[in-house]
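Protein chains: 2
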Amino acid sequence: MKKFVNAPKDFVPEMLKGLALANPDTLKYVPEYNLIMRTDAPNPDKVSVMQGSGSGHEPAHVMIVGKGMLDAACPGDVFSAPPMDYVLETSKLLASPKGVLHIVNNYTGDRMGFDMGREMAEADGVTIKTLIVDDDVAVSDSTYTVGRRGVAGNFFVIKAVGAASEAGAELDELVRIGEKVNSVTRTMGMALTSCTPPAKGSPLFDLGADEMEIGVGIHGEPGRRREKLADANTIIDELTEAVVTDLPYERGDNVALMINGLGGTPISELYLAYGRAHEQLAGRGITVGRSYVGEYCTSLDMAGASVTLVRLDDEITSLLAAPAEVAVRIF
Amino acid sequence: MKKFVNAPKDFVPEMLKGLALANPDTLKYVPEYNLIMRTDAPNPDKVSVMQGSGSGHEPAHVMIVGKGMLDAACPGDVFSAPPMDYVLETSKLLASPKGVLHIVNNYTGDRMGFDMGREMAEADGVTIKTLIVDDDVAVSDSTYTVGRRGVAGNFFVIKAVGAASEAGAELDELVRIGEKVNSVTRTMGMALTSCTPPAKGSPLFDLGADEMEIGVGIHGEPGRRREKLADANTIIDELTEAVVTDLPYERGDNVALMINGLGGTPISELYLAYGRAHEQLAGRGITVGRSYVGEYCTSLDMAGASVTLVRLDDEITSLLAAPAEVAVRIF
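In the order they appear, the protein sequences are chains A and B. Residues 1 to 331 in full-length UniProt numbering are what the first sequence lists, from first letter to last. Residues 1 to 331 in full-length UniProt numbering are what the second sequence lists, from first letter to last.
To be clear, the hints were calculated from the coordinates, so they are not data collected in a lab. Bear in mind that the values here come from a model prediction, so they are computed numbers and not experimental data. One or more hints might be untrue.
As the list makes no split between identical chains, a pair holds if one copy fits it or if it spans any two.
Claimed, not checked - Straight-line alpha carbon distances no greater than 30 Å define the calculated DSSO-like cross-link-like pairs of lysine-lysine that follow:
1. K200 x K180
2. K2 x K129
3. K17 x K228
4. K2 x K200
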């Protein structure tokens with residue numbers, strides 16, 4: 001397989017070790033529980049914020065641990081939910097007098113691991129609340145999900161909640177903020193190619209040389225339909241239309257626009273896509289107040305992209321603009 | 001082809017338009033000369049710093065225009081040097097009383113375009129000096145190059161020179177700094193896959209399903225040899241060995257270590273590779289003082305990576321650590 005990998009079972013631990021070695025002052029790798037946490041967590045003056053999910057979506061979530069974002073992330077193996085004992089142990093390591101917030105993308109496996117881990121941690125005296133992210137408009141239920149899937153929009157929930165937690169907000173206030181951001185955030189993605197999990201060594205699903213999948217999930221779950229390849233404008237127009245009409249976003253709205261790459265698409269193409277989406281929104285009288293172009297929530301090496309919108313108000317804008325420090329950077 | 005593209009001839013202009021739309025306060029797109037420049041350039045109190053090269057290497061160079069980096073970038077079409085008149089017009093637009101610095105990767109086409117553009121701009125009264133970047137240790141001459149190729153190490157030259165220019169350094173001083181950084185910077189890369197230029201619509205070169213190319217150039221130029229796929233550790237050990245022994249970097253050295261993705265490799269794999277390279281250096285008594293993991297200089301959608309080392313001293317460390325603001329970011 002065309003990947004940097006040694007033994008597939010070591011893929012996630014070796015990635016996490018590299019991440020910690022590259023960020024010795026800010027990140028700590030705890031191999032027993034497969035977790036990455038801030039070296040300065042827990043901080044008794046703030047709620048601890050954590051997320052776990054399958055690996056393979058990097059930078060989500062292990063590479064967005066840091067000041068103003070997550071206090072820790074406990075990933076499972078590639079495309080596998082984190083085990084309940086990792087959720088338990090991470091929650092205990094993060095226990096702060098102000099409590100712990102779990103952010104969970106809406107997949108049945110993730111919810112189960114987090115529900116059970118939370119119960120056990122509460123029995124150990126940790127105060128916990130949970131935020132569910134379900135921003136994907138493509139389908140109403142899915143292969144691994146009851147209800148909508150959580151995808152790239154989780155970045156905005158984490159960013160807003162992380163900023164508020166850094167400013168000292170209480171646990172209930174973080175739940176209010178996170179639910180509010182999730183409620184105004186919508187995403188739809190599409191795949192140009194499949195992706196190759198290290199342990200499988202071959203593509204996760206088949207997609208013909210002249211085909212694409214509109215509305216794909218971040219684990220390759222089926223979307224709305226499979227069809228012939230189209231040009232960039234056609235694809236971006238369809239994704240934008242699906243997202244805009246879902247909330248709906250309306251003339252006069254001020255939004256954050258994210259073009260998220262799925263892992264195998266270069267940033268040149270993402271900026272090309274951004275330009276089209278921006279113009280489509282302008283044509284509908286929707287103003288882009290904040291722009292995000294790059295990889296936020298990926299599917300290993302899948303070529304493809306998603307479009308996310310967030311309806312901004314003063315509170316959300318200020319939380320998104322607050323400083324944050326994470327491993328993923330160019331400098 | 002599995003790309004976000006409309007008419008291939010519009011690929012670069014559409015990318016540049018998207019880049020400017022996403023960064024309206026800081027970047028300006030000048031379609032007549034295919035250039036991206038800072039909205040606040042030229043600044044009469046600083047030397048203007050510019051680079052041009054073929055497109056397809058993003059974020060290099062159009063996405064690293066900004067405070068503390070480049071004042072402008074004039075790209076050519078995909079894998080084509082910028083035409084001399086773009087170099088001329090960009091130089092004139094950037095004309096500052098303190099002069100203009102051209103940074104050029106060592107490819108024959110780029111050097112020709114810049115030499116002729118410089119001559120014409122000097123005839124128009126612009127003061128110009130040129131810095132050549134040639135950090136690639138893989139081969140001594142190459143398909144499009146006399147001497148060594150300039151690859152991902154150009155990031156460090158730009159970062160250092162950009163920081164010094166922001167602090168008011170004179171043109172000769174920037175040349176001294178840039179030549180110094182280039183002289184202690186070495187890179188070698190490898191390809192797991194070919195890449196697909198939009199205008200060609202098919203892979204630029206053939207690489208078998210079980211093959212890789214060690215020492216590949218960023219336009220797919222042949223490297224040292226083609227061989228059977230190997231595991232990540234074997235690949236990274238070979239790249240690191242080739243880079244370390246070239247300068248050479250020695251026990252007691254403090255270095256910046258960059259793992260640069262070539263466009264199609266996800267960041268999970270890059271951090272795995274980083275961990276191995278970091279350990280290999282530690283085993284040689286070389287300390288990593290600064291870490292860079294991500295995409296800096298790509299080859300469209302090529303899967304692969306390069307390893308770069310920079311030998312640090314106090315001056316270089318301080319220039320690399322200085323603040324900079326460019327489009328490529330997660331926030």
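Up to 30 Å between alpha-carbons, please classify K2 paired with K129: within, between, both or neither.
neither (41 Å within a copy, 42 Å between copies)
Status of K200 relative to K2 across identical chains (alpha carbons, at most 30 Å)
Answer is both: 12 Å inside a copy and 22 Å across each meet the 30 Å cutoff.
Pop the pair K200 and K180 into one bin, within, between, both or neither, using alpha-carbon distances up to 30 Å.
Neither: 38 Å inside a chain and 46 Å across chains, both beyond 30 Å.
Intra/inter-copy verdict for K17 and K228 if alpha-carbon distance must be at most 30 Å
Close across copies (27 Å), not inside one copy (41 Å); limit 30 Å.
In terms of the numbered hints stated before, the structure departs from hints 1, 2, listed from lowest to highest.
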